[in-house]
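**Student:** So you can see what is in the structure, the chains are spelled out below.
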Amino acid sequence: MSAYRRIISTFRSLFRKEELDRDLDEELASYLELLTAEKVRAGMSPERARREARLELGGVEQVKEKVRERRVGAMTDTVFQDVRYAVRTLRKNAGFTLVAVLILAIGIGATTALFSTINTALLSGLPYQQPDRLVIGLKTIDGEMSGPVSRVDYFDYREYSRSFEELGALTTFTMQFTATGGRQPELVDAGFITWNLFRTLGVNPIVGRHFLPEEEDPGGGGQIMISYGFWQSHFGGDPAVVGSALNFDGNPFPVVGVMPPGFRFMFDADVWALVDKNGPFDSERDSHSHWVVGRLRPGVTMEQAQADVDAISSALAEQYPASNAGKAMLLTELQSYMVRDVRLSLLLLMGTTVLVLLIACGNVAGLLLARGERRLAEMAMRSALGASRRRLLRQLVTESLILTVAAGLLGIAVAYLLQGVILQLLPVGELGMERPVIDSTALVFTLLVSVATGVVVGVIPALRGTASDPAQQLRSATRASPDVKSSRLRSGLVVLQVALSVALLIGSGLLIRSFAQLSTVDLGFDPQNLLTGQLQIQVSQYPTPEERNQFFTSLLEEIEALPGVVSATVINRLPILSRWQDWSIWPAEQPSPSIQESFSAMARWVSPGYFETMGIPMVAGRDIAATDVPGSPDVIVLSEGVVRALFQDADPIGRMVNVADWRTFEVVGVVRDARVNTLRRAPDAAFYMSHAQMAQARAQIAVRTAGDPNALVGPIDDLLRRKDPNVLFANASTMTSVLDDEVADFRIVILSLVLFAAVALALTSIGLYGVLAYHVSQRLNEIGVRMAMGASNGDLLGMILGRGMLLAGFGLVLGVAGAYPGTLVLRQLLFQTPPLDPATYVVAVGFLGLVAAVACLLPAWRATRVDLVEVLRRE
Amino acid sequence: MAEGKTDLLRGTLDMLILKTLSLQPLHGLGVSQRIEQVTAGVFQVKPGSLFPALHRLEQEGWIEGSWGESANNRRAKYYKLTAAGRRRLGEERRNWAQVVLAITKVMEAS
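One line per chain: the protein sequences are A and B, in this order.
Quick note on my numbering: the first sequence kicks off at 1 and runs consecutively.
Quick note on my numbering: the second sequence kicks off at 876 and runs consecutively.
One chain only, chain B, in its complex shape (with noise of 0.2 angstroms):
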């Protein structure tokens, strides 16, 4: 990923895998393949990245990691939302929301 791509994700990355896990569970690559196949190849998630906040994500308690068996029949690491990481994803949809808002305002202002 490109250094002003991270930019573009900063803490909006946690918010991206909390969406995409609370439609699914995915493992590690699953998640960077969804957000990339979405966003049509905008945003491309690392490993550099993605471990690191699904860790730190696991640790909140956001989420929960299970091992399970790929489709293909390899042993992965499955996420999936728990409880609170619904609520926390309802929190950071309101406040993205507002973000987008304001900036859309100050964008259009004449």
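So that you can see chain A by itself, here it is in the shape it has in the complex (with noise of 0.2 angstroms):
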């Protein structure tokens, strides 16, 4: 048949429907009248011809159906039928639709939520031009990831490799510059960057223009560029900024253009300066401070770009054994390496979401399974009426699709909610990328999950309502017979419900104890009343190290004397709060050792009095003294940590230590090792020098006090201001708030997960009662003869809840086999707590079991309030 012939029939069927069944209800009916005729002329009574035809035609409704279930079209206009049939019968059960809405509503917002956060975190690109060219290079150690790249290493890879557009580097640290000129100092973030960096991430400034190549060299000129909102904050956007310059530290900076809005990378900073090209700092081939990052040239792939590293790598450890023997760089994609913090407790959400969403699934399959029960007789009636099982089917899933896209629709919305929360929960907007919002794709995915969920929770109940045979249903039909195999299905789901819920609940269990664990932790050091902040003076003022020593050493002194203060001191890097710093240390009358061999410790200096302030135990020798200033000799304090490397546990008091190349010290003291850099890590091994000796201008500070530190904030700072005005002391926070920020992230995946898990009890606990409610019902008349025979209402009690009980014991077993497996997938978020740990078991499975013993009751208890009288009269 031609196309055009078939859509002139199709339009006809669906817009002369009637017509056309006109003319088949008289073409029958003529049949009919033909057949009686020549029966009756074969010598039948016309009656008994009339009855004979009939039964010969076999049903006029069937056929007309099966003729219209033939022709061309007839897809579309039943699909019309059964959406106007289902909607109207959605309608007719208004508080079975909002239910069933609601439950799905909940569960596809929450998947579309973190679908659309996963999918700009994970899989969309970064804010950056073909963010999948974008490579970042990170330092190897005989095949071990180690790290950022050394800055000469650097430049070498930069001149010598050929298979990068750009390769742009930036150091691991930002400074804060003192702003000064203004109304008072001010601390600003500034990274240090390669004149080409912005160049390779391809995103240019929106005032101005990039660094130039000639600025990286000697003399260059110390430009820098700013970020758009410095440059609104602090020059009222005006575009005259380019040009003038900034006052950090003393020295003046000219601007030469401002960044975009919303950039930034790796770090958040205001200012970019640019990498000393051949300053003296960091000038070591074995000395690891920046994140290389390159843009392959089109055509050349992360293979060919290795070897062409790896090539110049093999070349830099034979011409500098010393310091680059078994070092190389690897690249690996920049968007999964931004992405690799978050991306498990991403995807442990986005499972958790998938389970409680499966529960979803559970309560209204099981919601459309005890409706398609009370439904038996319709379908019975439906098919008499002609239509074919394929059509019953259709008509139900139908129902259950337009229950689930209701759903999704209103699924966008719970999204759009949940998005705003997970957004300010998950530190996803800090990686540099897109606030994440609910695009086409996240629709789209909505839609499929949509119509995903209406087929899984549609086509068992409508497979069950369909099955039965329409005369014998007909028959009962006044008297809706318990279906055996329905309510098994129901149960069954109940146990899946129950299995995911237990699961659910022991992986909550296990993050629970692994975060109490985290905060009962023992740092090493006492976190409790103790005030940390940020001090900066102004070299220009005290320009030697007398004079600057001389200043700390007053300041705590006076800071000492304020009512509420036990102790003050200061520190290059307070733990938890500043990290790393690692820097090689030696026993001095060895050589200096290769890279491979060497021993890193963190590098910390204090004032006296450090260890008795922090509350870290001294183990032998004496602490940094107040007479350890430039020009007598240089001390060092060890941790146990140290000792056992360098001296093997040998007292190491009196010993000389050679650090990293630069100055050899006289251990005087030892101390235990400390949390320095994460709760996470186990205690670092340190080594501190003396504050005074290293002469610095900056530093921080920690004052234990007696009460509460936050009342001291202002004091503090009130003694500065008649001190020295130009002194800067910012980000004044206890310590144990600095603790609590550590643990954020952690604490709201754990958060998400409870608040999961108490969804998926809610709903599983609904869904167990349902059906046990139901199953009381259908057993009404047993229980009346029961309660007859003179069963006492604790047997019935015990028949009821035993039933359910059984019911929430499967789920539990297979729920508990089920979760081990599970438990694995959250090893990396565990923190001193084993995956099988059995006190998170056994509590998840009891207050598993309490919830479902509860929700049991309330139908057993109802079976033994039974109106034995009625029950009996109903037979």
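Just so you know, these hints were derived from the structure itself, not from any lab.
Even glycine gets a Cβ: it sits at the ideal position worked out from N, Cα and C.
Hints are supplied without guarantee of correctness; some may be wrong.
As the list claims (entries may be wrong) - Straight line, CA to CA, 20 angstroms or less: simulated SDA-like cross-link-like pairs of lysine to any residue:
{"no.": "1", "chain 1": "B", "residue 1": "Lys952", "chain 2": "A", "residue 2": "Ser30"}
{"no.": "2", "chain 1": "B", "residue 1": "Lys952", "chain 2": "A", "residue 2": "Leu24"}
{"no.": "3", "chain 1": "B", "residue 1": "Lys955", "chain 2": "A", "residue 2": "Glu26"}
{"no.": "4", "chain 1": "A", "residue 1": "Lys723", "chain 2": "A", "residue 2": "Glu546"}
{"no.": "5", "chain 1": "A", "residue 1": "Lys723", "chain 2": "A", "residue 2": "Thr553"}
Claimed, not checked - From the derived model, a few chain B residues whose C-beta atoms are all more than 12 angstroms from chain A:
{"no.": "6", "residue": "Leu904"}
{"no.": "7", "residue": "Gly940"}
{"no.": "8", "residue": "Ala946"}
{"no.": "9", "residue": "Asn970"}
{"no.": "10", "residue": "Ala984"}
Starting from the two chains in their separate frames, assemble the complex, guided by the hints.
**Tutor:** Printed below as a string of structure tokens:
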């Protein structure tokens, strides 16, 4: 048949349906008449002939339905019919529809919110030009990943590699400059980059220009680029900012460009200055502090670029064996590197959401099954009227699809709300990525999830609902007979729900225990009643080391004289608040070790009384003293970890150690290891030099207080204003809140997981309750008979409760078995908690068992309240 | 019609109807009676198969229905073969001949 004719026919059967149907009616009527007439002619009585003819025709409606089904365009037509009918049925059962749609909307909404977050964070590109061509270079030693790259090595890679359009770098640290000349000194975050980093990323300044290659050279001029936010807040968005200079630490820096709004890369910074190419800082090949970012040339694959880089690495290793033997640079896609920390949390939440959605599906499928049983008579009637089983199936699946698509639409609203929460809670936006939004991809995802959910919750109930023999159904239609298979299915669903819930509970439990462990972990110092902050003095005001030391010494004395202060101390980097800075250290009598053999520990310099203020126990020797100043012998205090590595636990007091080919120190004391970097790492090995001998202008301060540390922020600030208004005192915060921030992300993952587990638990109890309540209503007669035979309330209660607990028990066993492989995924997030932690399993199982018992109690209690007379009368 | 016979007729019913109508226009009952008569009762075409097939063939444009008077003055819908239907019958006949030939070869292979 030609396409043209097919289209015409389709339209004809769609729009002239009634005419066609009338025609068919007449045709069948005439068929009957002709047949009857023939039978009469053959000698039958007219009545008998009519009856026989009818029998032979075999049901006018069935024949009509068959003709309609075979018509061109029949699909389209019956789909319209199904939808109309489904909407009508759902509207008539508003309560059922509302509950089902709400349950599904929550499930679908949560899934969509997380999907679009994951889609943006993990699957979509970074907001840089052609982000899939961007790679990050990380140093490896003997093939093991070990972090940033040496600045000197970077310049060699940039010089000799042929695979990159641009190869840029930025330092792993940000500096805080004090901008002066304004009203008050102010800390500004600055990052150090190579001239071509922003070109590598493909992001251009909106005002002014990029850095120039020659500006990297010595005497290049110290230009800076500034962020959009800084431009707005400090220059009111004035384009004339280009060419003007900013004063940092007393030196003028001319501004050459302003970056676009929202731009950030790796760190928050308001000012970018150039890496000092030939400066003394970090000038060694074994000093590693640069992230290297490259843009692959068109057509160059990752493997080719890696081979290119490897060739340079081996050439460097040959030329500089002391610093470069075994060292290489590994290229990784920038995108996957940047999301590595949140990936697991997001995937975990996504997996959890899918579980919750499945549990919600279980409930709705259960509802549909129960409803299907009440509609058996309707189905039987429709099939008697000529509807084929396929048609009925399609009808029921259409109904559940309409339910889930409606839920999907509502779910989009839920997703918007939830995503706001997710974004506040998870540090996705801080990765330098766009703020996630619910975009078209997410909407398509929602649609797919809705339809898949519709099929999942619709098909089984529909198969069940249309499976029975219509004749038998019609005969018993007045009394809904208990459908054994269907109630078995619902029980199966509840078992699955219990299993999923207990698995979720176990997962949440393990994380909660990890969190508890993390919160109570022995830090190696005492975080209570400890105020922390940053201090910075102007070098121009205190040009000599003596003047600077004098300032810090007198300041600490004055702070200690304040009421409520126990003691005060300064250090270059406070634990947890500032990380790393690990330098190599070895006994002075040994030659400097190769990079592979070297031992590194955290380098810190402290004022006298640091260990006492922090509560880090002294093990041997003495503290840094007030007499350890420039001019007197350089001294050092080691933590036990360093002593173990360098002296195999022999007494180190009086021994000499070298620090990073820099200075030699005499060991004067030993302290315990403390958690210097993060909570999750084991206590770190560290060494402590004298703050006075380093003569720095910048420090972090720690004040031990008798009461609430926050009460001292004001007095210390006043003290500093009086002493020297140009001193900067910033970021005052208690150590406990520093620790809280440290575990904030983890707490959020746990909170969401607990929330999901609670939703799962609620849905499961509803499911369990529903199945049991139905079970009781089906067995009313039996219960009545048992009561008449003298069964006590206790017997009946036990019977129903036992049935419910049997279901729950199956689910628990299944869930516990399934939870173990699931918790292996969690392993990375766990802290001092084994994935098979027995206490967690016992508590989770016990708790769910208890909730299940409560959910079963109400139907069981109702069974005992059955009115014997009424039940028996109904029979 | 028994289920087994439906299977036998599946796919060939259209051809039988077209062939029957190629001799003379007939109404529905006429078509089924003619087929039953010619096959000496082997094939019985029940209304449940007949009418869907007739309407389908009409939609395909191979036959054309129009209301007329039957032999004993009753209104009935008569179907006649169109030009397209005649071509279609030719195709079906050739296909059928090939099928018969092929099956015969298989059955007579020794």
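**Student:** Take the hints in turn and mark each one as holding or not.
**Tutor:** For each hint, the structure was consulted:
1. About 8 angstroms separates the Cα atoms of Lys952 (chain B) and Ser30 (chain A), which keeps this hinted pair within 20 angstroms; it holds.
2. Distance hint between Lys952 (chain B) and Leu24 (chain A) is fulfilled; the C-alpha atoms sit about 10 angstroms from each other, no more than 20 angstroms.
3. In summary, the hint linking Lys955 (chain B) to Glu26 (chain A) is supported, as the alpha carbons are separated by about 18 angstroms, within the 20 angstroms threshold.
4. For the proposed pair Lys723 (chain A) and Glu546 (chain A), the alpha carbon gap of about 17 angstroms is at most 20 angstroms, so the pair holds.
5. Distance restraint check for Lys723 (chain A) and Thr553 (chain A): the Cα-Cα separation of roughly 13 angstroms lies within the 20 angstroms cut-off, and the hinted pair is therefore satisfied.
6. The Cβ of Leu904 (chain B) does not lie farther than 12 angstroms from every Cβ of chain A; its closest approach is about 5 angstroms, which violates its non-interface assignment.
7. Taking the minimum C-beta to C-beta distance to chain A, about 8 angstroms, the non-interface status of Gly940 (chain B) is violated against the 12 angstroms cut.
8. With a cut of 12 angstroms on Cβ distances, Ala946 (chain B) falls inside the contact zone with chain A, its closest approach being about 10 angstroms.
9. Under the 12 angstroms C-beta cut-off, the non-interface status given to Asn970 (chain B) relative to chain A holds; the minimum distance is some 17 angstroms.
10. Every Cβ of chain A is farther than 12 angstroms from the Cβ of Ala984 (chain B); the closest lies at roughly 38 angstroms, confirming the non-interface assignment.
The structure does not agree with the numbered hints 6, 7 and 8 stated previously, though it agrees with the rest.
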